[in-house]
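Chains A and B are the protein sequences, given in the same order. Using my numbering, the first residue of the first sequence is number 1, and each one after it goes up by one. Using my numbering, the first residue of the second sequence is number 1001, and each one after it goes up by one.
Mixed in with the good hints there might be a few duds.
[Said to hold, decoys possible] Examples of chain B residues lying across from chain A (beta carbon under 7 Å, computed):
#, residue
1, Ala1023
2, Ala1030
3, Cys1036
4, Tyr1037
5, Gln1039
6, Ala1285
7, Ala1300
8, Ala1309
FYI, nobody ran anything at the bench for these hints, they're computed from the structure. Ideal Cβ positions, reconstructed from N, Cα and C, are used throughout, including at glycine.
Protein chains: 2
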Amino acid sequence: MVVELISVGTEILLGNIVNTNAAYLAEKCAALGLSCYYQDVVGDNEERLCETIRTALSRADILLISGGLGPTQDDLTKEAAAKVLGKPLVLHERSKAAIQEYFSARGLEITDNNWKQAMVPEGSIVLDNPNGTAPGMIIEKDGKYVVLMPGPPGELMPMFEASVIPYLGRLQDAVIFSQTVKICGVGESKAETMVKDLIDAQTNPTIATYAKTGEVHLRVTARGADEKEARKLVKPVVKELKGRFESHVYTTEDAVTLEKAVVDLLLANKLTVSTVESCTGGLLAARLINVPGVSEVFKAGYITYSNKAKRRLLGIKKNLLLKHGAVSREIAEAMAIGASVLSKADVTVSVTGIAGPDGGTPEKPVGLVYIGCYVCGNLTVKECRFQGSRAKIRESAVSSALALMRECILKYYSEMTFGNKEK
Amino acid sequence: MVVELISVGTEILLGNIVNTNAAYLAEKCAALGLSCYYQDVVGDNEERLCETIRTALSRADILLISGGLGPTQDDLTKEAAAKVLGKPLVLHERSKAAIQEYFSARGLEITDNNWKQAMVPEGSIVLDNPNGTAPGMIIEKDGKYVVLMPGPPGELMPMFEASVIPYLGRLQDAVIFSQTVKICGVGESKAETMVKDLIDAQTNPTIATYAKTGEVHLRVTARGADEKEARKLVKPVVKELKGRFESHVYTTEDAVTLEKAVVDLLLANKLTVSTVESCTGGLLAARLINVPGVSEVFKAGYITYSNKAKRRLLGIKKNLLLKHGAVSREIAEAMAIGASVLSKADVTVSVTGIAGPDGGTPEKPVGLVYIGCYVCGNLTVKECRFQGSRAKIRESAVSSALALMRECILKYYSEMTFGNKEK
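Looking at chain A on its own, in the form it has when it is part of the complex (with noise of 0.2 Å):
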């Protein structure tokens, strides 16, 4: 089946924000298996709202309708919505109980335009919204379906996931099963030469790349009879690509990130870590620190930016700096040792390099990135070459330092066994 998105708003129109909206439906709707040819942005005018929706709907299925329906006269989806369809607008009542209980707990008054969010189109599927007063709707017509959902991303996010997913899935025949395999430590060409061959021969399921800054999501997508038949499809070409991949898969799981990946192995051997950042200057800590439980494993982050915290906290000697230049493996060495003395952490991290857009040179380019791993006495130092502006040379230093960390410390404990086994 087809899917066309519509995003409504002025706000959007403006460039007042950035439509995420339509990344995380367009993505979902990717994953349940639907086509989607067309995205389109229109704001709150009801003219221009119609003409949209009556052009979707000789285009598509189903459209997923956000924003727009608000208790103000400037919201006028549903409004829009309920002409195209030629469906009169009636009272939901418990809509207006929810509306009525929401206001009620948090001791506001209801001014009257609250009501309208309690009118729907006749003959609708009305979904709750626990997280706001704009209830969402689904109005079936003649084989096609039109859903509206409330535009605040804490809203339309709960409520497409809790009842529009399930809607959804039980309008195809089939069933869609999709599990998503993380790499990191591969770049993207090498990740897609190294699966063109399973891309060019599928059909059920299919394969797709992803490619995010510093790693390489590879998406299998199979479509069943049952959920159980298209898991049983998916199966094998996971096992076929983690066999290709080997240890840099880092997951297979939709919620893992690869921070929260390098955090489950720090606390499954018991190993604290400490980071030590120039050029990045707090955002390796930032995203470890975006993992909840990371206080059983995060000893302390040290951000020494300028070559006089790299002497006074860290102990480097003048000279070395003088020699090599902040930015080199000598001084990524000097700053994971430092750390690691400072902090007492089985495992510490140092990052320096040159973010740019200034300060540069031929023999040390923007761009230039060490990242210094020191695992339980093991220490690794490894140059990066990176591209792009500031603030993407920061992040892809960030994703490459947590990709080393977990190199270094699965590679320690494979040492170790292979040690044992050797005696």
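Take the given structure of chain A and dock chain B to it, following the hints.
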């Protein structure tokens, strides 16, 4: 004039990337005084691309089309535009030479498909692309203008600013001038209330409010016969806004961010700074370090996420942590003082809070954050209550810490001046 944005790319339809180009172009168009009623996203499919261009031409004067100008078979934007506008593709010698040079400079071999990028619709104005191989194009026909730009933001943005904005400026019979008054330390709804009378009465110039995390931007836009006239209309309104928001206005320059304003204030007063973070875990330091030139003032950053790190690195007493808890006014104070002793910086900022999703209690709910700011012996602690996700709460805490730093530094100097006058 009316503009319509068309973003081309299957990766947007699949939700692989967020369409930040559309938000960027939309904001720029609004500032240029162009009206935008629709944004479209379409994949790399010639038929659908042609249909989208035809529809957009029927309802807009200017089409800004981004993406699909690459060298592969999949890149079809130029071909589709040429077809709809009835202009054959011809070889553009300067672009051919630029492609040759781009590859030679990088020691790369040119494959045949790269020459496709030197073909342009007959009569096009060709826009140089110093950041890539795909040139941009402006094609005029029957009083309509079609602008083609490459999709990567690092290529699109510089091209739009260097070549497209001046061109669009010349098309308009009136000149648009806008200036943004950026405010921190005042909530969105309070800021809106404070300018409601101006907004209600506005015709030319107009005032638009943009809520950013921890900040509000007020954009004043005027239309005049020439730039001088437009500037003259903007000036008194900016002055009025500055009068109403006083020291909360941190800049009226587009290029100045809140972190840059803070770094500039530190530089101007020859003050050094250090940060000490718990729940923000390095994000505050990372934002300051995003400002080029910060190395002059940034002494060191400490990330003391665990209580142990707060005790060991900063010398905070165990009893103090037990008595008040890590998220408290007292610990924010102790962190700021500890970091100031350790780093000997003039200004020290501390952040401790509960970012969630877990860890909240009725007395100390998720979103409770204490920010400490120490300026040359004067200590201020602010209690904040933020809402939203873990990421949102951390981002709000960082913006508020920057605003508090600015406020405390300004206060310190105004009191010093006042004190001198008294004598």
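Outcome of the hint check:
no.: 1; hint: Ala1023; verdict: holds (4 Å)
no.: 2; hint: Ala1030; verdict: holds (5 Å)
no.: 3; hint: Cys1036; verdict: holds (5 Å)
no.: 4; hint: Tyr1037; verdict: holds (6 Å)
no.: 5; hint: Gln1039; verdict: holds (4 Å)
no.: 6; hint: Ala1285; verdict: holds (4 Å)
no.: 7; hint: Ala1300; verdict: holds (4 Å)
no.: 8; hint: Ala1309; verdict: holds (4 Å)
In this structure, every one of the numbered hints holds.
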